[in-house]
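Novice: The chain contents come next:
2 protein chains.
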Amino acid sequence: MTTISTIGLDADDTLWESEVHFVDVEDRFRALIARYDPSRDIQEHLLAVEQRNLEVFGYGVKSFTLSMIETAIQLTDGAVHADDVHRIVEWGKEMMHHPVALLPGVRDTVDALRDEYQLVIITKGDLLHQEAKVAQSGLADLVDGVEVVSEKDASSYRRVLQRHDVDAQQFVMVGNSVRSDVLPVLEIGGRAIHIPAGSTWQYELDHHGTPETHGYETLDNITELPRMLSQWS
Amino acid sequence: MTTISTIGLDADDTLWESEVHFVDVEDRFRALIARYDPSRDIQEHLLAVEQRNLEVFGYGVKSFTLSMIETAIQLTDGAVHADDVHRIVEWGKEMMHHPVALLPGVRDTVDALRDEYQLVIITKGDLLHQEAKVAQSGLADLVDGVEVVSEKDASSYRRVLQRHDVDAQQFVMVGNSVRSDVLPVLEIGGRAIHIPAGSTWQYELDHHGTPETHGYETLDNITELPRMLSQWS
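In the order they appear, the protein sequences are chains D and R.
Everything in the first sequence is counted per this note's numbering, starting at 1 for the first residue and increasing by one.
Everything in the second sequence is counted per this note's numbering, starting at 1001 for the first residue and increasing by one.
If you are wondering where the hints come from, they were derived from the structure by calculation, not from laboratory data.
Hints may be right or wrong, so weigh each one.
Think about it this way: if two alpha-carbon atoms lie no more than 20 Å apart in a straight line, the pair counts; the simulated SDA-like pairs of lysine to any residue are [claimed, not checked]: (1) K1093(R) / L47(D); (2) K93(D) / Q1074(R); (3) K1093(R) / E1131(R); (4) K93(D) / E1151(R); (5) K1093(R) / Q51(D); (6) K93(D) / N1053(R); (7) K1093(R) / H1021(R); (8) K93(D) / L1054(R); (9) K1093(R) / D83(D); (10) K93(D) / T109(D).
The structure presented is a predicted model; accordingly, all values stated were derived computationally and were not measured.
Here chain D stands alone, though its shape is the one from the complex:
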């Protein structure tokens, strides 16, 4: 087994909380729409609009905000008030400004790994927002690179590894999404460790990967990462 030289670290919900802010705004969004029509399945409709818009607007808060606006117009049959649309835009701004809260043990774990491994944060979403979060996290000086990609698929992982001059066999990706952090990395011949988050976006749960069928590891907590990696070498 080749030695691991480089660890890819997912950011949102692996290094810091993110989904909880989306869930919070979605709760407010559901309450807002329910005032117009309590009978609609708001969550399902929003997810469908989000998924359709991913292709055109991509991931992240701005895309999510535009999808909420579109969903609000559709579910209220155009009755949504401008004040409520404005409220949704303000929620988007609030999310962009939300302070970064590192998950427990992240800083110590990153600190413990950085001498032995090349560490690269690999994250998708709004470029500006992700860069701002990395800067605010205090982790920027502890890692060797930050890669914001528009999609986490096999080809973007290949590009990132090429950029950092790493063979897939020497690479392990660590993250909370089997769909985005695990399966595409296995596809290019790398290894992956799944650390489930307390709350995960429905979209990321849409996959058929299991540790048994696909051959990846699972950890309960990022603090267990150094021990697992030391067993591999």
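Go by the hints and put chain R onto chain D.
Specialist: For chain R alone, kept in the frame of chain D given last:
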């Protein structure tokens, strides 16, 4: 004078048309708002909202779309109809999908330069949109790198040059914005060539750089670039 090894190429309105699509949508936006209140200075108000939102939402079409929505709500005192808000969201999608039209002479010029220089497209805005435009432009295989940055300031140019292992003295940036493509590059000790575009966003015109005071070159057309560079070496 050190020899130039690397050329940075701005993308929007240097390699392909972009501002013209914003102007077109802004025209439609003005017509839409004027139906509610023809007395307001729509363009000035939109620019002010855009500038304020740059800090939180960044550059690009999604940010612009959210700024139009916010402006529409403000300028109509909340009277804007949901149908019109929806229209604005659709304009945003239309802009994301707009086919890439290379400016005249771009392809031949890039082709002429690529053997002699390292070429890097350096652009700001939506990550997904910029990547899609590079892919569609047919230029991806002709350049050595594509860097989408969240802001074109001295520190992001420094990062890009570091990434490509280039000294600022060996670097020249080519673009249509003195504010974004010229002044920050001069600040870090590089050279810059300004190629004014037919139409330029008001925001980019807010600077006090001149070729005489700041020492940069100006060209009417990108096709003149190879000759200017050959005079430098």
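Novice: Each hint should be assessed against the structure and marked as holding or not.
Specialist: Evaluated hints:
1. Using a Cα cut-off of 20 Å, the hinted pair K1093(R) and L47(D) holds, with the two alpha carbons roughly 18 Å apart.
2. In summary, the hint linking K93(D) to Q1074(R) is supported, as the alpha carbons are separated by about 16 Å, within the 20 Å threshold.
3. Note on K1093(R) and E1131(R): the hinted pairing holds, with a Cα-Cα distance of about 16 Å set against a maximum of 20 Å.
4. Using a Cα cut-off of 20 Å, the hinted pair K93(D) and E1151(R) holds, with the two alpha carbons roughly 18 Å apart.
5. The suggested pairing of K1093(R) with Q51(D) holds, with an alpha-carbon distance near 14 Å, which does not exceed 20 Å.
6. As the CA atoms of K93(D) and N1053(R) are separated by approximately 9 Å, the hinted pair is consistent with the 20 Å bound.
7. Our distance criterion of 20 Å between C-alpha atoms is met by K1093(R) and H1021(R), whose separation comes to about 12 Å.
8. In summary, the hint linking K93(D) to L1054(R) is supported, as the alpha carbons are separated by about 11 Å, within the 20 Å threshold.
9. Between K1093(R) and D83(D) the alpha-carbon distance is near 23 Å, which puts this suggested pair outside the 20 Å criterion.
10. Of the pairs offered as hints, the one joining K93(D) and T109(D) is violated, with about 31 Å between alpha carbons and a cut-off of 20 Å exceeded.
Figure legend: structure checked against the earlier numbered hints; hints not met, in rising order: 9 and 10.
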